[in-house]
Amino acid sequence: MKAAFPYMDTIRLSLQPILETLGAEVIVPPPPDRGVLETGVRLAPELMCIPFKITLGNMVRCLDLGADTLVYVSGSWSCRFGYYGKLQAQILRDLGYEFRLLELTHDTLPDAVREVIGLSSGSLPRALVRAGRAFRLGWFKARTVDLAETLFRQTLPNAAAAAEPRALFQSALRRVEDVPDVRGLSALRRELVAEFGRVRRNGRTAPLRVKLVGESYCVIEPFVNLNVIRHLGELGVAVDPFLTAYRWLGFHGFRIGKADVVRAKKLARRYWRMCVGGEDENSLGHGILAAEQGFDGIVHIHPFGCMPATVVQPAMQKMCSDYGIPYLSVSLDEHSSETGLLTRLEAFVSMLERRRKKTE
Amino acid sequence: MQSAEVRTARLRPADFQRPVVRLYLRVPRTIGICRALDAYRYLARWRSFFAGLGFEVVVSEPTTRQTIELGARLAPAELCLPAKVFLGHVLELKGRVDALFLPRLVCQYSGKDLLFSCPKSLALPDMTRALIPGLESAVELVIDEREEPEEQAYRKMAKVLTGRRQKSEGRIENAEVRPRSQTQSTQRVRTNPKSKTQNPTSPDAGVSPLGYQEAGQSKVQNPKSKIGAVSDPVRVGVIAHPYLIHDRVLCLDLLAKIETLGITAVLPEFALRPNVRLDGRFRTNWLFEVELVDSAEAMARDGIDGLLLASSFACGTSAVTSEVVRRELAHVRPGLPVLQVFFDEHSAEAGLATRLESFVELLRMKR
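The listed protein sequences derive, respectively, from chains A and B.
Position one of the first sequence corresponds to residue 1 (my numbering), numbered consecutively onward.
Position one of the second sequence corresponds to residue 1 (my numbering), numbered consecutively onward.
Just chain A, same shape as in the assembly:
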């Protein structure tokens, strides 16, 4: 079995070792680029959201590389995300590709377990041992990646030269990918803390703090969000995304951080009484949390045409005006340009700076 899964930034760094330890061969496509996007745009329906187009383009690349099984997380709920797997599979089959579609939903969980046992040639004890080893390794990788990301986000606004933490972060990701065992990862974690601590500072003590909320794929994947975290960091802003690859995996896999999500949902109920998908409730709730924690602004990032994100926008605006916290809504599609986003971010940040000076 040569399995492929939709590409989502650093999530691959943990998913790949998990699947490989379980015994599957994994096809990991190169990170998305213009070519992948163009393939996706050409094949996908025009008004689908950009995560659909990118993952579709990526799946084409995976199939070209020889994948024979496509693994999707899906669910039949109101949001379009639930249909990604089925619709992409139909588009790809109509193109003439042959593959097996493995949809992971709550109903097909037994099938997935059977699949894992099958990978260990039908032996349950061996599958259990492998699964234990796989998830331990995946967990450590995810934690290490999360640490690297956190250190990067914290160091960037204070760094004398932005290139330094950027290079450090890139090398950190490469090293996480190369380290094969848990002990190496623990050592790597210590190294990372020390290395980021040695980055030369620019003297800034209390950078502006911005909460990044929105649709999960857009928040996590830098190719889609046009490096919004890096750009804000270079403008001197410490960004705190409400969702990271680690939190995404941890929550969806093992309900890690559930208390946080429950708290956000409870707060969001003042404005939003029903979750419709696209992290609408979560965005609202984390926005309120950010306002209460004294953040300087909220950036809401979502794909163009995302239904839940569109309807939650008015509620976000109302919440932000109630709490008196600046709000920037960024809608992204395949035509968005990094320069355009940068201009908007610069204006937003200079407004935040003026605001802080006024209140001081």
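I should point out that these hints are in silico values taken from the structure, not numbers from a laboratory.
There's no promise every hint is true.
Stretches of chain B that chain A covers, calculated by requiring three or more beta carbons in the stretch to come under 8 Å of a beta carbon on chain A [unchecked claim]:
{"id": "1", "stretch": "67–81"}
{"id": "2", "stretch": "116–122"}
{"id": "3", "stretch": "283–292"}
{"id": "4", "stretch": "308–319"}
In the DSS-like style, the derived pairs of lysine-lysine whose C-alpha atoms are separated by at most 25 Å in a straight line are [as the list claims (entries may be wrong)]:
{"id": "5", "chain 1": "B", "residue 1": "K257", "chain 2": "B", "residue 2": "K366"}
{"id": "6", "chain 1": "B", "residue 1": "K112", "chain 2": "A", "residue 2": "K86"}
{"id": "7", "chain 1": "B", "residue 1": "K94", "chain 2": "A", "residue 2": "K318"}
{"id": "8", "chain 1": "A", "residue 1": "K358", "chain 2": "A", "residue 2": "K318"}
Using N, Cα and C, we set each Cβ at its ideal position, and we do this for glycine too.
Go by the hints and put chain B onto chain A.
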């Protein structure tokens, strides 16, 4: 630098403490229903329900250009046109009624399948409240059959509206027949003997079985009865949501335009016989979309000459279903001409007319 404590002190505005279920200090007398979105399906039921409870029902006037403008000015730019128009209707009704009716249809059973509404319709009351202040007295109907049957939801709303002492049991009217098929819950409501005895007639029952003509103004007849009588029997299937195609201003009078071109439009609600579900290979879980995909397949098998996919721009569900329909039809009827039209507040009549004319010309030539 400012500390976090100072900042949190001025947070938490008082109006957050608003209760979720509103208890009415003054019992509302008039209730306003917006002639938009789900009303095109359920208007007759809602109207007779509220009338049966003793309220005066005010239905907003048919959509005008001004309604669209009102809504579009207020709504986020990426919202679909019908939802913008809904907001326009809310603005027009606001102040004219004691309580505004905001439906939230979450999911309903159809046979064994749980079918959902689109996300925008799920979040409609929340979005409306966030955009338009002063809707505290709005009454919300939440139909979520994962939690309770449809009938129970109506009962709950009746209790909130009338207070507990007044008996609202059995007032749920059966004025409406769902066009696709009788879902379990509808049957349950219809076979409830109480509802027939206690409130036997409603002003709308039987007048418009689909509730469409009443909500919209388009004069729709069952085109199947016309077949054979017309000299030029070119038939084009129109796959569109009822709230789009039956709102004459929204869809720029698409059906009338088709009629003036001398061809017959077949609508989804007439393409499907009740209780018949085709097993398309691609199933969606959206209430409206299941019907559209099934009827497109039925039309194609029925031998229509062309298919017109009409949807509003940024309609998320139709982005999926249009694709599904096109791919399904490639198997059922390869080479069937398909025209896709999007509507938004900037759509112009002339552009639509040109596209329609050339499409019809193509259909005639193909014959």
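Right, here's what the structure says about each hint:
With 4 residues having a beta carbon nearer than 8 Å to a beta carbon of chain A, the stretch 67–81 of chain B meets the requirement of three or more and the stated coverage holds. For a cut-off of 8 Å, the count of residues in the stretch 116–122 of chain B with a CB near a CB of chain A stands at 6, and the three-residue condition holds. For a cut-off of 8 Å, the count of residues in the stretch 283–292 of chain B with a CB near a CB of chain A stands at 3, and the three-residue condition holds. Check on the stretch 308–319 of chain B: 7 of its residues sit with their Cβ under 8 Å from a Cβ of chain A, so the three-residue criterion for coverage holds.
Of the supplied pair hints, the one linking B/K257 and B/K366 holds, its CA atoms being roughly 21 Å apart against a limit of 25 Å. A C-alpha spacing of about 20 Å is found between B/K112 and A/K86, which places the hinted pair at or below 25 Å, so the restraint holds. Distance check on the hinted pair: B/K94 and A/K318 sit about 20 Å apart at the alpha-carbon level, within 25 Å; holds. The straight-line distance between the Cα atoms of A/K358 and A/K318 is roughly 23 Å, inside the 25 Å bound, and the hint therefore holds.
Checked against the numbered hints given earlier, this structure breaks none of them.
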